[in-house]
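Those sequence lines, one after another, are chains V and X. To convert, note that position 519 of the first sequence is 519 in my numbering; the numbers rise steadily by one, no gaps. To convert, note that position 297 of the second sequence is 1297 in my numbering; the numbers rise steadily by one, no gaps.
If you are wondering where the hints come from, they were derived from the structure by calculation, not from laboratory data. Treat the numbers as computed from the prediction; the structure is a model and nothing was measured. We treat Cβ as the ideally placed atom computed from N, Cα and C, and that holds for glycine. You can trust all of the hints, since none of them are fake.
Output of the computed footprint for chain V on chain X, the stretches with three or more beta carbons under 8 Å from beta carbons of chain V:
1) 1167 to 1180
2) 1260 to 1267
Here are the computed lysine to aspartate or glutamate pairs in the DMTMM-like style, where the Cα-Cα straight-line distance is at most 25 Å:
3) X:K1349 / X:D1055
4) X:K1121 / V:D78
5) X:K1124 / V:D833
6) V:K823 / X:E1192
7) X:K1266 / V:D309
8) X:K1245 / V:E154
9) X:K1245 / V:D40
10) X:K1245 / V:D336
11) X:K1349 / X:D1056
12) X:K1245 / V:D832
13) X:K1266 / V:D303
14) X:K1245 / V:D833
15) X:K1121 / V:D208
16) X:K1152 / V:D216
17) X:K1245 / V:D152
18) X:K1152 / V:D303
19) X:K1349 / X:E1096
20) X:K1107 / V:D832
21) X:K1121 / V:D832
22) X:K1266 / V:E317
Chain V regions said to be covered by chain X (calculated; three or more residues, Cβ under 8 Å):
23) 149 to 163
24) 835 to 847
What follows is the residue order along each chain.
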Amino acid sequence: MDKYKLQKTLLALSITAILSACGSSSSSDDPVTPPVTTIDASLSGTAAKGIIINGVVTASELDSSGNVLRVVGTATTDANGRYSMDLNDSYEGGPIVIEVTNDASTSMVCDVVAGCGTRDDDITDNDTVIDFGEQYKPSSLSMTALLPDAEDGESIEVQVTPFTHMAAENALANATLDTTIIETANALVSNLLGGIDILRTEPVDITDAASVAAADASAVVYAALGASIAELAPDDANGQPDLDEALATLVTEFANGTMSAVDDSVDGSAADDANISLQEIIQQAGAVLSEIGSTDISGVLADLEDDVDDAIAGTGEVIPDTPVNVGDTDVAKAKDFMEDLVTWGVTIGSEIDSPSMAFDKQIDMAMMAEDLIQNDGTGDAVGYGVMAIMENLAGNIQNAAEFEDDDGSFPFSAGTFSMISTADGLEYSITDGELTIEGEDIALDMTVLVPADGATGTVITFDVKNIEAEGNTSILTAGNGTIDVTLSESYTIDFDAMIDGTAVEPSTPVEMGFNFDFSATQKKTTNDAGALIDATDPITFSGDLEATVYPYIDTNGEILDAVPGSFSVTAMISNGNSDSYEITVSASITDADSLEPVNAVLALDSTYDENNNPLATGDHLISWTVGEDTFTYNHPWSSFSATFNMDGSVTLTQGSAAPYNAGNYDSPDAFFADNLWLFDSYSWEFWIDGQGEYIRNDWSDPDYSMDGFIEFTLDEVDLEFFDAEHPMLGTMGVQFTAQFANLPAAAISLTGNTTAFEQGNATATISYDNRQLVFSASNDSPVDLPQEQGNLVITNQDGVSVTFTGQNLNLNNETVEITINSKAVATVEGLDDGSIKVTYIDGTFEIY
Amino acid sequence: MKCKRGRVFRPFLYAGLFILSTSSYAVSDTKLIFSFDSFNYSESTSIHSISGSWDDEISEGDQALSVSRITLGFEYKNYSFESIVRNDSYYGFDNETAQFIYLTENKAPLENGRDYALNIKPDKSSSAGLRFGINHMINPGLKLSGFFSFLKPTDLVHGELNGHAMAIDSNDYDFNFSSELYYEEDPLFERETDSIEGYGYSIDLIVDYRINDTWSINLELLDVVGELLIDQAAYTGAEATSKIKVFDENGYLTYDPVISGIESNKDFVYQFNMQTHLSVSYQLSDKNSLVIEHYSLAGFDYQKLSLLQKVGHNRVSWILIPELSTAGIKFEHPNFSIGLETDSLGYKKMKYLSITSQLSWAF
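One chain only, chain V, in its complex shape:
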């Protein structure tokens, strides 16, 4: 019985599945500490209220109340008003206010048609009048723009204009500041200006005809609208526009998110500097365009005139369109979800693709650990050792070499049993055990402690004192645990009888439980060519193992195989370079205690014993495997062969001797019913003692094969518990902590559950900090339907969810929705170039 075989296979399959599906693990044994991540982002744009030259640009991070936390970047505008800055490492991801102020070197292009008053600065001019297009140094200037945040890798274009200032102040007037408020304020002002994106649209130098001619229409009208603010500003003592005052008025006008359509000055009344209306802005913008010989070809001014007319007919207030879903918190959640999805997907993918990375080493280690436990014979050796002790305990064998496996082989070539009475109880040992398993020589020493004398019950618990199995490729040690053997009938431990060799044989085990510490150390590994070589950086896989195994017993009470019921190992994988990580692997098989072989095995039972004699203890009935085994009977006076076919029928072929009922039979029963006398004639009882051999309990030759009378050609019965129609059902799971470069440590959990053939589900969970991504795949389609019936659901801690079905997993001409509580927040579609485009309900989109 190879009770470890399926356990090991399960573990191997678990790890293999995880590694192949997800790229697997990593980590160290240090406490997980998220690394400090810096946000590498940059800002650039144009400062314009009239192009501002040598303007001082300061980017500051704000808290949720709008208070400045820290300066995260500075820059100076160039001759075109452009600035560019990289955010420094102190930036932590909060809102950013970009402020443009003046110092002694700051100048501004006058974009007031009537001029900007009397010059009082040191700029060379041929007169004292600041004309349209000339630069001057404003006495005071403070103009802002507000961003919700900057993300790593972003290069954000942010203009700073009177209108961004208006939006910024509108947002900052709130008690709290968040993405919704900021984006809504910016969008409201954009909508107020006919759809001009106030942050992205770069205003042109409206006084420069060449620049205007080359610029986009929206850039021109945006600049013209900005110029109007200076036109509408009150004059200071030098007749220069008081920009601070004008900006303050603008902010006040928009305090409620609306703007007056007209004010007194529009209708020819005296100029009203205390108010700024949209109509005034439009008129002044038109005047500026006229001054430079241009017209608005964007249609914005005409649209704004319509808005003014509508407002006059109504409340008098121009109410910008409410931004559609701008600042929708669900959109923000969906974007965070996509960010996580892409970040982890790309990182895991790139780590797997880059052999130099640490994560790749972790994969190699896991694969070697997998190989260590799957392909090594030491585990089998321990299994044989336990079974040999059981046989010795029952008094059937006296040394290990006598132990016969159920396939008829004798795996031990040496091994001494010994019993020592210790303070802990009676120790059973195998000393100097030597085995050969599939060509590998293994040395085995193991000591277990049997239950106390007189202990009784259906469960026999062996305390594992020490196990050491050393093969050609690895060393397996185990200890500090127990092996529980559950018997079908109660059993009483009798030390004296054991010592005397007269102990009663225990009843058939129905369950075995293993729980001990183990360690497997690699000695050899295989090179790329598959050759076995010394492991230069040996892997050690050590930890705690728990497993439950259910023996499969035939009608004669023989253990023919074992089915693993559950398996759990928490172990540390490490190598000689102190690289290590912990991994937990668990698995269980549904109904493992009641599984039946799925390959049809025909057993001759006592029905065919002519004398209805019970079989002798230790004998085995003949077992044939349908489609594989042929029972051949040869005798000097008659011969035949009977082949059991896959369809359950039997073909009886006449041999060289007298014919007997040759032909086809619908079933084995029919065959035996018609031909039982064949057996009766020449033998009374046939049964096999172990696979491939037989004994005959009658008066004559004990072994027919010796004199060639009878030949049985029987292959080993290889029990199969699972096939396509009877899949292995159950669950498996792997948990470990992964540490990827530039990402916080993440707990990764992978579980799988097979519910039927080609049906089941699997879940992978990535958890880090307070965030989580859950990938749940399921396939509930019937066997005869395509696999595309399955689906993959990805969710996170915010309830964001996206579902892919088998048909649209590749997103070829398909779209799927990202939802939160059934609310569609975005659509995901595959683009022709293989990229994925996510379009959110607020009109924004992302392409990865």
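Based on these hints, arrange chain X on the given structure of chain V.
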């Protein structure tokens, strides 16, 4: 279609004034008329290359354009009615941008540390409609012709892309750019859009002046006034970065930007670039004339020299554009003409290609 006040009447105003100014004219036969004009020029690389293959090396230059018109209709006396389909494509770009695209498209080594400017300004429209024309003989040597087209836009790409790419290795680069685009069919981000809505107009003026038996002048001003007023054109503002990098099997970075932006719709006015064509003809002999022409289109100016020969009722023009190393030939029959000008006989190497064809059939 949503018509904006102040804009809707403008084209009809132009048309009305034009018609009023050209009433009462000479008699002519009824003719079926057809014309096809296609002018294509790429300054820095071949037309084939810049159309997407990028298999031709980059030289100096920062623009490419393609202008085509097809008309089919009737001419009756001094009036003409035609259907018209036109395509106007202009691409301005930084030469560094073209070089960068050429190198990356061909997986060629980049100059480590070089910062490539990424600046592209596409300005393309397609439209179709009706064209009404009228001509007037001021005197026997002077003829004025005018055409008014009422158009429906069918395609649009207008905007700009600005950014830069920094080569950090021979096969790797960081890049970012921002873009603003109005379009009918999203050329970058595959946005699903509705058909473009709107209308447009354009006016062409032509003056033919035969000064004497030796000298004559022809002046064509196409799209003197012209625009497409597009209602709620699809608009995308976006920013792109190389935040996520994917390398091909040879280790060369593939262009796979991470893009974020916003999609919306805005009214948009597309303005046609005026084309100027001035032709001065000098008759050398009864059969030969020398023609010097000047073309100007969206900042692209060049001169053309032609030798026109009469062959029976036909005429053959031998054309040379020295500054573009271009030659051409045009054959004119009383009822049709066809002309071809190019700087290369290999279509993959052509930077300049002009094809003209006209048919006039009286019935």
